[in-house]
Amino acid sequence: MRWRSKRLLFLLPGVSGVLLFYLLPFLEVVRRSFLKSGSGAFVGIDNYRAVFENGAFVLAVRNTFLYMAVGVPLLMGISLVLSMLLRNLLFRRRLVSAMLLPMAVPAAVMVLTLQILIDRQGVVNGVLTKVSEQIAAFSAFSAIDYFNTEWALVVVVCSFLWKNTGYMIILWLAGLAALPKEVEEAAQVDGANRWQNWHYIIRPGLSGSFFTIGMLSVLQIFKSYREVWMVAGSYPQEHIYFLQHLLQNWYLKLEFDRMAALTVILSLVLLAVCLCLQNKLDSCEKREKNF
Amino acid sequence: MAVGVRRMGKAEENKMGSEVTVPAWAVQAYSRWRKRRMAWFAGGICAAVAALICSPLLMIPGGALMDSMEMRRILSPILGEGEGFAVWHLLPVYPTMDHFYRLLIESPAFYQLFWNTAGMTAVILLGQLAVGLPSAWAFAAFRFRGRDFLFGLYVVLMLLPFQVMLLPQYLVLQKLHLYNHPAAVILPAVFSTFPVFVMYRGFTQIDAEILEAAELDGAGELQIFFRIGLPLGKMGVQAAMVLGFLEYWNLVEQPMAFLEEQAAWPLSLYLPQITISQAGFAFAVAVMTLIPALFVFALGQDALEEGIAYIGVKT
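Residue numbers (this note's numbering), protein chains in the order written: chain A, 1 to 291; chain B, 1 to 315.
Everything labelled a hint here was simulated from the structure, so no lab data went into it. The reader is advised that the hints may include incorrect statements.
[Said to hold, decoys possible] The following residues of chain B were derived to be distant from chain A, with all beta-carbon distances above 10 Å: (1) Glu253; (2) Ala293; (3) Gln301.
[Said to hold, decoys possible] Chain B regions said to be covered by chain A (calculated; three or more residues, Cβ under 8 Å): (4) 104 to 110; (5) 185 to 193; (6) 278 to 290.
[What the hints assert, rightly or not] List time: in silico BS3-like cross-link candidates among lysine-lysine, alpha-carbon distance up to 30 Å: (7) B:Lys234 with A:Lys181; (8) A:Lys280 with A:Lys223; (9) B:Lys234 with A:Lys6; (10) A:Lys223 with B:Lys35.
For every residue, glycine included, the Cβ atom is placed at its ideal position computed from N, Cα and C.
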């Protein structure tokens, strides 16, 4: 059995590290979510109840959900349209690289430029005011206070789109490239127009990519917390107070009871979303095979 | 030509032929013109979007070279010292190297932070190569009991945002007495499952037949890994490294949560501390932060694009 033990060695260091730094501590948090920290007494679902009764939690859930409901479809739609346009272009690679560039820009650098552009008295408002002075119809424009009104969410969504459009375009383009060319060519020979080509050939073929890209977009939403925190700090305008702020602030205040419960809740929700999408993905693949 | 000329639809051809007599070359020229117009249209939109996306970056070099007085004047409304709106000069009127002088010569702390970041990134990436690479190979090349479950677990862990893992990781780091030590940031990142996933996808591009043939010819496990797996699956490994570099060069939450001493912080946490009143200096720091990232981006671009495509498409 020499070969088996050797194979085990490939996996062992990685798996033990994952166990030590991810899985076991996570299970410990699950255990702790039913206990009172300090005394260690069993309190049942009290910690969970405390989370659900927390006003900041309700606000954060609503904001995070709204952010996702706006950000994910916009990101997926915009990047899909752009990748359809890019698909047959000659300078595709250059353009895709340019759109991917934000991935290389550290969040701190981006935030620095954002502060100058998106202040109430910043450059963007200055330009908008100049433009509105030229065009009579918009003369009612008054400077928007982006970070102290509900516009904050708009700014966050825009910077999310800025950062992730290139990423998603590459994913869509990969999905498009995996479609068999012959089907489309045959349809064109038979006189299918652009709409029919999209509706009957490309759209069904992309359904697998659709779920993967949806999942990755949700993931990117969570990752974009970095930029939000850098721009607005730990206690931002109330429309951009997300679940990550809540976890981070509870962490700083050492409120580990509620934090453990919230960690479990969030990971269960994410796990459910994952499994749901995986299920859809599998059924898509099965359908493709039957087809 | 940007778009391949499509063949004329048969139906269209017949209709044209029976009703009016338009010469075939004219029909072809017309459809070619239409397609070319479409390509110009699509290219124009995409170029405009690309320009829009890149445009904020144009502010950075000018800002780093701008004289403090000029910066103060054009940003005075933001600094709370004036009415009206801030403006921006893409090219500074009085260019100066003052900020770089101050940063690179007068502040030794900068080098400390720079090498903190570089060292942390390098150690994490090397650790991922040492640990994640063999795991990825094991998932791709071996069939064993529990493989699907274990890999599913890896995928779920990869999708959990950092804040969800914040408390679990704090507990384990506390227990191992690593809190406030650079290893608190490094070790969890080394065992991150995302690079395993990307490398795994790279390895699955290899034909199973090649591996079987090698095994039949008596190649050992290590031989197959080093002689066949690595050379053929290197795109995935490169992609994981490039994605990893961009991620770890830009670490914010982890050092903020686990490192209390500022001396151990990376650059990405130092930059936001510089207030906007020192914008010129901040831009100089931004340039120095940006250069390595852009360098890696330019070098590893093919791998990056390929790697992202691996993430999305099952093969």
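Tested hints:
1. Residue placement check: glutamate 253 of chain B does not keep its beta carbon more than 10 Å from all beta carbons of chain A (closest about 6 Å).
2. Look at alanine 293 of chain B: its CB is around 5 Å from the nearest CB on chain A, not clear of 10 Å, so calling it non-interface is violated.
3. Glutamine 301 of chain B, annotated as away from the interface, has a beta carbon of chain A within 10 Å; the closest lies near 6 Å.
4. Here's how the segment 104 to 110 of chain B fares: 0 of its residues keep a CB closer than 8 Å to some CB of chain A, so the rule of at least three is not met and the hint is violated.
5. Requiring three or more residues with a Cβ within less than 8 Å of a Cβ of chain A, the coverage given for the segment 185 to 193 of chain B holds, as 5 such residues are present.
6. Judged by the Cβ-Cβ criterion of 8 Å, the segment 278 to 290 of chain B is covered by chain A as claimed, because 6 of its residues qualify and three suffice.
7. For the hint pairing lysine 234 of chain B with lysine 181 of chain A, the CA-to-CA distance comes to about 28 Å; that is within 30 Å, so the pair holds.
8. Taken as a hint, the lysine 280 of chain A and lysine 223 of chain A pair is honoured in the structure, with Cα atoms around 24 Å apart against an allowance of 30 Å.
9. The hinted pair formed by lysine 234 of chain B and lysine 6 of chain A meets the criterion: a straight-line CA distance of about 22 Å does not exceed 30 Å.
10. Between the alpha carbons of lysine 223 of chain A and lysine 35 of chain B the distance comes to roughly 40 Å, so the proposed pair goes past 30 Å and is violated.
Going down the numbered hints, you'll see the structure goes against 1, 2, 3, 4 and 10, while the others check out.
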